[in-house]
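Protein chains: 2
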Amino acid sequence: MKILPLEPLTAEAFAPFGDVIRADAGARSWLINQGSTVRYHDLAKIDTESEGGRTLLNIFRGQPHKPPLQLRMLERHPLGSQAFIPLSTRPYLVVVAPPGPLDEALIRAFLVTDGSGVNYARGCWHHPLLALQDVSDFLVIDRGGPGHNLEEQSLQHPLWLETPGH
Amino acid sequence: MKILPLEPLTAEAFAPFGDVIRADAGARSWLINQGSTVRYHDLAKIDTESEGGRTLLNIFRGQPHKPPLQLRMLERHPLGSQAFIPLSTRPYLVVVAPPGPLDEALIRAFLVTDGSGVNYARGCWHHPLLALQDVSDFLVIDRGGPGHNLEEQSLQHPLWLETPGH
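Chains as they are written, first to last, in my numbering: chain P, 348 to 513; chain F, 348 to 513.
Please note that a few of the clues may not be correct.
[What the hints assert, rightly or not] Using C-beta positions, here's what the derived DEER-type ranges look like:
no.: 1; chain 1: P; residue 1: Asp371; chain 2: F; residue 2: Lys349; range: 33 to 43 Å
no.: 2; chain 1: F; residue 1: Trp507; chain 2: P; residue 2: Gly492; range: 20 to 30 Å
no.: 3; chain 1: P; residue 1: Pro511; chain 2: F; residue 2: Ala360; range: 14 to 24 Å
no.: 4; chain 1: F; residue 1: Lys349; chain 2: P; residue 2: Glu498; range: 16 to 26 Å
no.: 5; chain 1: P; residue 1: Leu453; chain 2: F; residue 2: Lys392; range: 47 to 57 Å
no.: 6; chain 1: P; residue 1: Gln381; chain 2: F; residue 2: Glu398; range: 24 to 34 Å
no.: 7; chain 1: P; residue 1: Trp507; chain 2: F; residue 2: Glu498; range: 47 to 57 Å
no.: 8; chain 1: F; residue 1: Thr436; chain 2: P; residue 2: Gln500; range: 47 to 57 Å
no.: 9; chain 1: F; residue 1: Leu453; chain 2: P; residue 2: Glu498; range: 42 to 52 Å
no.: 10; chain 1: F; residue 1: Gly382; chain 2: P; residue 2: Lys392; range: 47 to 57 Å
no.: 11; chain 1: F; residue 1: Gln381; chain 2: P; residue 2: Thr357; range: 29 to 39 Å
In case anyone wonders, no lab produced these hints; they're calculated from the structure.
Positions of the beta carbon are idealized from the N, C-alpha and C atoms, including for glycine.
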């Protein structure tokens, strides 16, 4: 039984899969509004306009998942990016694999504990939302428009995730 | 001395200015992820693609403003919408006036206390971020690209805002 370890979410570790969305992740920033506000600029590549698409803003309300968790499938959106930004600081899990034909040996898992968001690049394999502890709302920015923008794939070798905090 | 009253933020009251972003504002919603998640769909008109524009995702970190507050100016973005979603549940103020030539008699103010976001429609006059109580982060979705997308206008008759909680 393979157990996937949980990694901390860093911009470097997540770069093959998309963007980490947090204020202090090295983005350009500057003062606006007569010095009362810092703008952390352009934190994610919002890639929603292909084939007549447009940007959607949604809220996902996720039931909490109780560890230990077994992964049985991943999904991807071939036509656009999808960003998740938690509207709380409750922890959640991010499970990804690189774009292209799914290689189960390359699946990685991240535990997010600081309220950071993630933006899955177009075509990046990822697990559906894995909220922890309590019902949690996430702002989700993805693509609407024509075309089939969801592929799901069952894992040939289901994986267990390391239990957070253990 | 004119004092502008603070209104509660409802979708109906805010409709002339843009969208209220909250899960229960009457949006279409449905279950996804095998029933573990509710998708509240397409909560704001993200209008960022005019004249070669694209969608930007940013974080604004606002210093708190201490009431009583005097309004001296408003601004607007003629080329795109701008959405603010608080990443905390601290209260903040929203001050707006309808698109078109600025009519100071039509300025309205809303106090947001429940973590809701707002999306200013393209060209809607609004005051820069007015966080309250403590430094507060907001996710901001606006337009990047060519063209001049900021107009500021001083008020001929500066206004005071009602003090929250009084």
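Verify the CB-CB distance for tryptophan 507/P and glutamate 498/F against the hinted window 47 to 57 Å.
The hint (47 to 57 Å, Cβ to Cβ) holds, given that tryptophan 507/P and glutamate 498/F are roughly 56 Å apart.
Could you tell me whether the CB distance from leucine 453/F to glutamate 498/P stays inside 42 to 52 Å?
holds, 49 Å
Outcome of range test on Cβ distance (glycine 382/F, lysine 392/P; 47 to 57 Å):
Once the Cβ atoms are compared, 31 Å apart, the range 47 to 57 Å for lysine 392/P and glycine 382/F is violated.
Take the C-beta atom of glutamine 381/F and the C-beta atom of threonine 357/P, compute their distance, and say whether it sits inside 29 to 39 Å.
Given a distance of about 30 Å, which is inside 29 to 39 Å, the answer is holds.
Beta-carbon spacing of leucine 453/P to lysine 392/F - inside the hinted bounds 47 to 57 Å or not
violated, 38 Å
Verify the CB-CB distance for lysine 349/F and glutamate 498/P against the hinted window 16 to 26 Å.
violated, 57 Å
State, for the Cβ atoms of tryptophan 507/F and glycine 492/P, whether the hinted interval 20 to 30 Å holds or is violated.
Given about 45 Å between the Cβ atoms, the range is violated.
Does 33 to 43 Å hold as the CB distance between aspartate 371/P and lysine 349/F, or does it fail?
This hint holds: roughly 41 Å between Cβ atoms.
Does the Cβ-Cβ separation between proline 511/P and alanine 360/F fall within 14 to 24 Å?
violated, 42 Å
Between glutamine 381/P and glutamate 398/F, does the C-beta distance stay in 24 to 34 Å?
holds, 28 Å
Using the beta carbons of threonine 436/F and glutamine 500/P, state whether their distance is inside 47 to 57 Å or not.
Because 38 Å falls outside the window, the suggested range is violated.
Consistency with the previously given hints fails for numbers 2, 3, 4, 5, 8, 10, ordered from lowest to highest.
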